[in-house]
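Enquirer: Position 88 (the sequence shown) corresponds to 88 in full-length UniProt numbering; numbering is contiguous.
Honestly, I wouldn't trust all of these hints.
With a straight-line cut-off of 27 Å between C-alpha atoms, the simulated BS3-like cross-links for lysine-lysine are [claimed, not checked]:
hint, residue 1, residue 2
1, K77, K32
2, K51, K77
3, K32, K102
4, K102, K77
Since the hints were made in silico from the structure, they are not lab data.
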Amino acid sequence: VVIIFQPEIRRALEHIGISAFEEIHNIQDEEKRNITVNEIINAISNLAESKTGALIVIEQATRLGEILNSGTILDAKVSSNLLENIFVVNTPLHDGATIIRKDRILASGCVLPLTNNNT
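Hey, can you work out the whole structure from these sequences and the hints?
Expert: This is the structure in structure tokens:
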């Protein structure tokens with residue numbers, strides 16, 4: 001069991017932000033960028049507290065067109081309430097990944113490819 005508290009999540013996102021969260025960091029408006037990161041952090045914290053699983057993918061340089069098309073297109077502003085509602089058990093979007101690009105939730109219920117790596 002891994003317990004991560006909100007300050008640790010923020011530090012981890014800021015630390016990883018140089019590469020893994022590059023698209024979010026490409027948001028020109030710093031306030032908008034901070035709001036987006038905080039919304040994701042709040043959602044993750046609340047989902048962890050309620051022991052609700054979530055699979056969130058933040059798109060980087062490689063566009064995820066095929067994966068996006070496997071789910072339901074949302075094109076909605078990132079918000080903790082929406083992220084939490086997406087992952088409510090037994091709802092249509094619960095199964096599968098949610099894809100985020102910059103400050104938008106592009107799609108949910110997406111099927112991720114399996115790896116070919118056997119190690």
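Enquirer: Work down the list of hints and note, for each, if the structure agrees.
Expert: Evaluated hints:
1. K77 / K32: Holds, at roughly 11 Å.
2. K51 / K77: holds, 24 Å
3. K32 / K102: holds, 10 Å
4. K102 / K77: holds, 9 Å
This entry satisfies every hint, going by the numbered hints stated previously.
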